[in-house]
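A.B. asks: For reference, the chains in residue letters:
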Amino acid sequence: DTGVSQNPRHKITKRGQNVTFRCDPISEHNRLYWYRQTLGQGPEFLTYFQNEAQLEKSRLLSDRFSAERPKGSFSTLEIQRTEQGDSAMYLCASSSWTQLTDTQYFGPGTRLTVL
Amino acid sequence: AQTVTQSQPEMSVQEAETVTLSCTYDTSENNYYLFWYKQPPSRQMILVIRQEAYKQQNATENRFSVNFQKAAKSFSLKISDSQLGDTAMYFCAFMKHGGATNKLIFGTGTLLAVQP
Numbered sequence: 001d002t003g004v005s006q007n008p009r010h011k012i013t014k015r016g017q018n019v020t021f022r023c024d025p026i027s028e029h030n031r032l033y034w035y036r037q038t039l040g041q042g043p044e045f046l047t048y049f050q051n052e053a054q055l056e057k058s059r060l061l062s063d064r065f066s067a068e069r070p071k072g073s074f075s076t077l078e079i080q081r082t083e084q085g086d087s088a089m090y091l092c093a094s095s096s097w098t099q100l101t102d103t104q105y106f107g108p109g110t111r112l113t114v115l
Numbered sequence: 116a117q118t119v120t121q122s123q124p125e126m127s128v129q130e131a132e133t134v135t136l137s138c139t140y141d142t143s144e145n146n147y148y149l150f151w152y153k154q155p156p157s158r159q160m161i162l163v164i165r166q167e168a169y170k171q172q173n174a175t176e177n178r179f180s181v182n183f184q185k186a187a188k189s190f191s192l193k194i195s196d197s198q199l200g201d202t203a204m205y206f207c208a209f210m211k212h213g214g215a216t217n218k219l220i221f222g223t224g225t226l227l228a229v230q231p
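These protein sequences, in sequence, are chains A and B.
Take the first sequence: its letter number 62 is residue 62 in our numbering, and every next letter is one higher.
Each number in our numbering comes from the position in the second sequence (counting from 1) with 115 added on.
In short, the hints are calculated from the structure, not lab data.
Short derived list, chain B residues pointing at chain A, Cβ under 7 Å: (1) Q159; (2) M160; (3) F206; (4) T216; (5) N217; (6) K218; (7) F221; (8) G222; (9) T223; (10) G224.
Reference excerpt, derived from the structure (chain A facing chain B, CB under 10 Å, subset only): (11) Y33; (12) Y35; (13) G40; (14) Q50; (15) L91.
Don't be surprised by glycine CBs; every beta carbon is placed ideally from N, CA and C.
Put together the whole structure using the sequences plus the hints.
C.D. replies: Below, the structure is given as structure tokens:
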């Protein structure tokens with residue numbers, strides 16, 4: 001069990017560019033979550049996958065954001081036409097629905113800076 | 116909608132002493148879970164302890180214990196025998212049980228500094 005991994009760990013981009021982040025969950029975890037954390041705040045929920053199905057999206061997830069989880073394995077989060085307000089830490093978490101309390105395990109995050 | 120409030124932005128404690136971090140939440144749900152997560156500087160978030168709302172007994176994990184007061188909607192974390200490695204941001208989080216998703220709702224965090 002290698003834990004949740006995220007790549008890249010850091011991304012600096014210019015406003016208007018597109019960026020894509022990747023999350024590899026703990027193997028056999030069928031649930032995957034994306035959160036966004038800005039400085040001085042707790043993480044805020046963005047979206048949720050159960051296997052390959054995206055079951056919920058937060059209103060925080062504007063139409064510039066898209067997430068996928070092909071084949072129910074890794075997930076990608078793409079931000080198009082980045083804005084300075086998108087600068088944040090993007091966290092991925094995974095869990096297994098077989099666990100009664102559905103404890104979520106977090107990755108190290110991808111820190112995005114939009115110049 | 117559920118909300119989680121952590122009213123202590125920063126706290127400090129001497130090594131080997133005991134410290135209590137506060138958390139209150141607001142919900143109309145009866146079945147839910149509460150969590151404390153720890154986020155060390157520049158490191159990933161890890162679970163410290165969890166509590167099922169249907170359990171009256173307070174959860175404990177080694178030096179970490181909670182005081183869960185369901186009626187008061189309070190969920191405080193007590194860290195005994197504080198160690199330098201406990202220095203981190205601590206987040207309280209709420210999860211509704213049985214919803215379509217099990218998303219976590221976090222408070223704003225408490226930055227704990229353990230002083231040598």
